[in-house]
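Use these hints to put chain B onto chain A, whose structure you have.
Protein chains: 2
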Amino acid sequence: MATLKDVAKETGLTVSTVSRVLNNRGYISSNTREKVYDAMKRLNYQPNELARSLSKQTTNTIGVIVPHIDHPYFARLLSSLETAAYQNGYKLLLFNSRERDEKEDEYMEMCKASRVAGIILCSGSVETERFRDLNVPLVTIERFLEYGTSAVECDNRQGGRLAAQHLLECGCTNVIYLSGENAVSMPADDRALGFMELCGQEGLHCLDPGKEIDARLYASLDYHAYIEKILTEFPEIDGIFASSDVIAAQVIQICSKRGIKIPEQIRLVGFDDSSIASLTTPGITTIRQPVREMAEMAVRMLIRAERKEIVPNRTTLPVTLIRRETT
Amino acid sequence: MATLKDVAKETGLTVSTVSRVLNNRGYISSNTREKVYDAMKRLNYQPNELARSLSKQTTNTIGVIVPHIDHPYFARLLSSLETAAYQNGYKLLLFNSRERDEKEDEYMEMCKASRVAGIILCSGSVETERFRDLNVPLVTIERFLEYGTSAVECDNRQGGRLAAQHLLECGCTNVIYLSGENAVSMPADDRALGFMELCGQEGLHCLDPGKEIDARLYASLDYHAYIEKILTEFPEIDGIFASSDVIAAQVIQICSKRGIKIPEQIRLVGFDDSSIASLTTPGITTIRQPVREMAEMAVRMLIRAERKEIVPNRTTLPVTLIRRETT
Numbered sequence: 001m002a003t004l005k006d007v008a009k010e011t012g013l014t015v016s017t018v019s020r021v022l023n024n025r026g027y028i029s030s031n032t033r034e035k036v037y038d039a040m041k042r043l044n045y046q047p048n049e050l051a052r053s054l055s056k057q058t059t060n061t062i063g064v065i066v067p068h069i070d071h072p073y074f075a076r077l078l079s080s081l082e083t084a085a086y087q088n089g090y091k092l093l094l095f096n097s098r099e100r101d102e103k104e105d106e107y108m109e110m111c112k113a114s115r116v117a118g119i120i121l122c123s124g125s126v127e128t129e130r131f132r133d134l135n136v137p138l139v140t141i142e143r144f145l146e147y148g149t150s151a152v153e154c155d156n157r158q159g160g161r162l163a164a165q166h167l168l169e170c171g172c173t174n175v176i177y178l179s180g181e182n183a184v185s186m187p188a189d190d191r192a193l194g195f196m197e198l199c200g201q202e203g204l205h206c207l208d209p210g211k212e213i214d215a216r217l218y219a220s221l222d223y224h225a226y227i228e229k230i231l232t233e234f235p236e237i238d239g240i241f242a243s244s245d246v247i248a249a250q251v252i253q254i255c256s257k258r259g260i261k262i263p264e265q266i267r268l269v270g271f272d273d274s275s276i277a278s279l280t281t282p283g284i285t286t287i288r289q290p291v292r293e294m295a296e297m298a299v300r301m302l303i304r305a306e307r308k309e310i311v312p313n314r315t316t317l318p319v320t321l322i323r324r325e326t327t
Numbered sequence: 001m002a003t004l005k006d007v008a009k010e011t012g013l014t015v016s017t018v019s020r021v022l023n024n025r026g027y028i029s030s031n032t033r034e035k036v037y038d039a040m041k042r043l044n045y046q047p048n049e050l051a052r053s054l055s056k057q058t059t060n061t062i063g064v065i066v067p068h069i070d071h072p073y074f075a076r077l078l079s080s081l082e083t084a085a086y087q088n089g090y091k092l093l094l095f096n097s098r099e100r101d102e103k104e105d106e107y108m109e110m111c112k113a114s115r116v117a118g119i120i121l122c123s124g125s126v127e128t129e130r131f132r133d134l135n136v137p138l139v140t141i142e143r144f145l146e147y148g149t150s151a152v153e154c155d156n157r158q159g160g161r162l163a164a165q166h167l168l169e170c171g172c173t174n175v176i177y178l179s180g181e182n183a184v185s186m187p188a189d190d191r192a193l194g195f196m197e198l199c200g201q202e203g204l205h206c207l208d209p210g211k212e213i214d215a216r217l218y219a220s221l222d223y224h225a226y227i228e229k230i231l232t233e234f235p236e237i238d239g240i241f242a243s244s245d246v247i248a249a250q251v252i253q254i255c256s257k258r259g260i261k262i263p264e265q266i267r268l269v270g271f272d273d274s275s276i277a278s279l280t281t282p283g284i285t286t287i288r289q290p291v292r293e294m295a296e297m298a299v300r301m302l303i304r305a306e307r308k309e310i311v312p313n314r315t316t317l318p319v320t321l322i323r324r325e326t327t
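From first to last, the protein sequence lines stand for chains A and B.
Using my numbering, read the first sequence as starting at 1 and increasing by one per residue.
Using my numbering, read the second sequence as starting at 1 and increasing by one per residue.
Just chain A, same shape as in the assembly (with noise of 0.2 angstroms):
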């Protein structure tokens, strides 16, 4: 069997560049990359990342449990960490756990059994005392956790007052934050505590659509019931800030259904600039997360943990509003 110096020999190269090659660590060029793959295809020659992570006690390997893959915010989120962890040399285990609290259990110790790197934790439901005690460490986008190594979210706050200036500035006089979270305290949550901050202090008056929101409707993204029934008991309503795209793309469903024309008579601000929001008709005015950059920020705080650096347990970037035809 090919060894590694067999490889450096066949291609000119030094053992330390073929190596850098593998590890996909350090500037490479393209034509050295080539160069390197093309002779260890001709050669056979099979790197054998198990052996070597036995002997190191981990893998470059990233844990990542999102509570829905086929929701467009996570679709997107898990895109760009799968680009961040590529970028550094990093590859993406995969884990849906479909907001069931023993399946994000078991892919917790999963991800330990598999010695990877360290967990990114994507939003989610599950009871925080699991997270207790992990010996590898733990990054959350969009949830915060008194156990985990540090968070990562955007500014949920601003976003919020954003919504309620533009509304305001749109002429809206009575409007309504729409919200799926659940029972859970989520730092989505201050989407809602900025959205209300800048009613009171504009005179914006601000509907209350109640406590009654019910859990499965985030784990169904299935909002249609409980939008028709707050478009029925607030017919004053001129101006909906909901907290994601998806939930928007169902207001304007609903709304046309009922014949209500927006922005004409309700405006509409939704939150994430997901895929979603500008495939809509019309497309979605909405509080864009810089999901990219959030990607980046966890994978880059899940890396330094590993090596013993410190990292800010808590990270917030901004956010932006994306005019679309919804306002």
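Where chains are identical, the list cannot tell them apart; a pair therefore holds if satisfied intra-copy or between any two copies.
Heads up, simulated DSS-like pairs for lysine-lysine below, C-alpha to C-alpha not over 30 angstroms straight-line: (1) K35 to K9; (2) K229 to K261; (3) K35 to K5; (4) K41 to K9.
By construction, these hints were calculated from the structure, which means they are not laboratory data.
Since the model is a prediction, treat every value here as computed from it, not as a measurement.
The following block gives chain B in isolation, referenced to the frame of chain A:
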């Protein structure tokens, strides 16, 4: 450090039952599962999968390569693959090729080095030559490779026929097929084949959009300019079959901007039944790929191929028409 025996003793279960829980093999009640995980936590037991994998020279890991995680079709497919893998005791290593040959090539090498049980390649446009001489099972979804182990597809031709039949029944007289596929020959090309076949049989006039489709379209997923051009060139169009729901969503946007009413003036059928199809206004009538079943089939084929069983080299699953509001 605690051993497997200690966990068995603590729980009162046999070593083989505990081992089955850890390996996620065979039927285990959730009660037993919980008991084992609780005991593992109390004893701080850490199974070392790396060591086990090294002796087996394989891992319970499947490498999945997709071209766009952020595309709603691939997000749904990935979600289904994760579920199917989990149910069979496998984990997913995730790779996003973004349609770049050299990245896909590197991923193949990373998969091999990680001693994956097999690779599932979803669609994508990478050169087929690169998949020669793989030493692990390679299962493709919506992609056929001469050197692949097994290909799982939906019945694209039937899908094309169903779309044409439906547009015909809706009273359309001038229909067109809009596709974003690129130069590489793909199973999805059969959608056009089935569509034109039925149009020919039934005497439905099928317009020819020409062959100047740019590969960059598929990479960027932005078809607006292309759709504008087609609608200007063929004002007589009254029925559109779009090769994906993402394209169909953009047709709705352009038609709305031009004041063309859907479904009154143009009837529209999409393909995939991804999450976007039920989130647009109007909701998209579409050809549903049985994504869950395709994912389960792909994982099953991979596991059987890993065990050196004979597997079909090509499996086609039926599609169905899902009627919503664009027709």
